[in-house]
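Undergrad: Taken in sequence, the protein lines are chains F and H. Take any residue in the first sequence, count from 1 to its spot, add 5: that is its number in our numbering. Take any residue in the second sequence, count from 1 to its spot, add 5: that is its number in our numbering.
A hint or two may mislead.
Okay, derived cross-link-like pairs now, DSSO-like style, lysine-lysine, Cα gap no bigger than 30 angstroms in a straight line [to be verified]:
hint : chain 1 : residue 1 : chain 2 : residue 2
1    : H       : LYS126    : F       : LYS168
2    : F       : LYS7      : F       : LYS168
3    : F       : LYS345    : F       : LYS7
4    : H       : LYS126    : F       : LYS8
5    : F       : LYS168    : F       : LYS315
6    : H       : LYS56     : H       : LYS126
7    : F       : LYS136    : F       : LYS8
8    : F       : LYS168    : F       : LYS8
9    : H       : LYS56     : F       : LYS345
Simulated coverage check for chain F against chain H, where a stretch passes if three residues somewhere in it have a Cβ under 8 angstroms from a Cβ of chain H [to be verified]:
hint : stretch
10   : 68-80
11   : 259-269
12   : 272-285
Just a sample of chain F residues kept apart from chain H, beta carbon distances all over 10 angstroms, derived [stated by the list, open to error]:
hint : residue
13   : PHE128
14   : MET148
15   : HIS164
16   : ASP213
17   : GLY253
18   : VAL254
19   : ASP319
20   : PHE349
Since the hints were made in silico from the structure, they are not lab data. From the three backbone atoms N, C-alpha and C, an ideal C-beta is built for every residue, glycine too.
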Amino acid sequence: MKKLLEISLGVVTSVGGFLEVGSIATAAQAGALFGFQLVWAVVLGTICIIFLVEMAGRFAAVSHHTIADGIRERFGFNAFIWPLLAALFVNFLVLSAEIGGVAIAAELATGIGFQWWALPVAFFVWLLLWKGTFGLIEKGMSMLGLVTLCFVVAAVMLHPDWKEVATGAVPNLPQHDTAKYWFMAVSILGASISPYLFMFYSSGGIEDQWDKTYIGANRAIAGLGMSFGGGISVGVLIVAALVLGAHGVTQVDDYNQLPLMLIPIFGFWGFVLFVVSLAIACFGAALEVALQQAYLVAQGFGWTWGEDLKPRDDPGFSLVYTLSVFLAAVPIALGLDPLKLTIFSMALTAASLPLTVVPFLFLLNDDHYVGEHCNGVISNAAVIFIIALGFVLALVTIPLQIFGGA
Amino acid sequence: MVAAFIFMISSNCNERKMVGSAIRLTRAFLPLLLLALTSCSSSETAEQQIKLASSTAQAAVMVTDAWLSGAAPPRYASSALQSFTETLADAGRQVQSVSPSDPARREAVSTALGRLSSAAKRAQTAVEAEQHAQAGQAQRELRTAQSDLATAYRQYFSPDR
């Protein structure tokens with residue numbers, strides 16, 4: 006019974022914490038311009054993240070190591086430095102975009118420009134990290150994040166042609182704006198298969214003191230939680246297609262267009278729901294990404310780490326998230342458009358995938374770490390597929406950024 | 006390109022060699038980069054700007070509509086309309102800067118874009134002054150200007166150009 010409760014809580018946490026500024030922005034842009042055509046990218050990204058999250062959780066539960074820890078120990082610090090630098094850089098951009106997302110929500114609610122909100126938002130993120138516990142950050146924010154289910158409700162209320170949605174779930178070729186179509190596909194994949202997600206998940210497994218008895222729970226949480234989370238992203242895409250796209254708003258280049266997704270469905274409450282969803286989803290993600298920066302550096306250098314420890318007991322860890330949060334707020338405070346930064350950072354996230362995913366193939370097949378719980382054929386096939394996908398994305402991202410991302 | 010450069014840096018310890026490699030790499034990629042950056046012809050620029058303007062104008066209509074029905078708070082509506090006005094004005098400037106084969110057709114597009122921008126500005130002023138009738142009028146102007154833009158767009162890209 007206790008286990009079932011834990012699984013339910015884990016699934017709810019995953020669902021509530023799935024949506025963030027990247028998944029909202031990319032799904033909205035894709036839906037507005039291409040209708041249901043890019044549903045497949047969300048589905049593919051969700052399947053990939055299910056596998057990676059399950060493996061990261063299994064690795065933590067069995068070996069009592071995080072993925073970052075495992076990479077450093079298995080391959081040595083010199084090999085670890087490359088994924089570390091890539092992940093730190095990409096996470097910095099994502100963190101900045103998430104702070105930007107909360108700042109946009111604050112601007113929409115108050116009318117005061119988003120750049121004025123960057124530092125106050127960073128301060129609140131830092132304060133919660135400094136004072137809060139892992140449970141509060143992981144479960145508390147994710148519970149609040151369930152408000153994002155309003156996109157699913159809205160999608161159902163719009164009565165989409167489900168057959169057409171299902172057709173969009175099968176990869177298909179663009180009928181117009183080819184470069185933009187592929188750039189959007191790459192961005193959606195980047196938003197879905199974020200390295201911070203599975204790295205954070207493995208650190209969370211250690212924070213929650215998982216052991217081998219959690220393998221089943223981990224599988225259920227990864228499978229159900231991420232599937233439902235992906236469902237919310239599809240919900241955003243459907244709403245964008247049936248509200249923005251159908252009204253002729255096909256180029257979502259301005260964050261002021263985003264609340265228009267829910268207003269025609271829920272009226273004034275649609276505006277409120279959008280602002281609250283954006284604020285909570287991005288605030289939760291900002292907390293997780295900032296923590297992930299600290300996890301990465303602390304685990305990489307072998308420092309003491311743990312969100313449940315007092316800052317004086319893990320000063321290096323606390324210093325890293327403090328610096329990360331405030332530095333990431335600077336580009337937004339200087340007026341960098343959060344929506345453009347989001348799309349750019351999601352594409353770069355996709356490009357950085359090989360560096361963080363290749364080690365999975367070795368770590369999850371190493372008896373020393375996972376023993377009898379090593380990868381089966383399906384999991385290994387999935388990792389190889391994701392690695393191949395990662396390499397393709399890494400190759401095409403920059404040309405697509407030039408041709409389709411402008 | 007960055008990855009290739011990093012790889013070269015890692016595999017070359019000699020500083021001179023490194024600089025030489027970087028120059029060779031830059032030479033190899035420069036034409037590609039220039040090609041990419043200049044590949045956007047003036048007609049493509051115009052087409053992109055017209056599409057962006059059409060979409061932005063539609064968003065302006067939706068925001069005004071939402072404000073008129075009490076579904077959007079005035080602060081948001083005003084700020085959104087201000088941003089849309091700027092986008093529309095910028096699209097007008099971009100179209101003005103392209104060098105078309107038929108300047109008259111470009112002028113028709115520019116005029117329509119100018120009308121869209123003015124109508125969005127009027128909608129913003131009406132929202133700030135809480136004048137529903139004027140906002141409704143500005144919304145109708147937005148729709149008319151949109152239809153003019155659609156006509157100008159068709160003519161701009163008609164085959165007899």
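Undergrad: Of the numbered hints stated earlier in the document, which are not met by this structure?
TA: 1, 2, 3, 4, 5, 8, 10, 17 and 18
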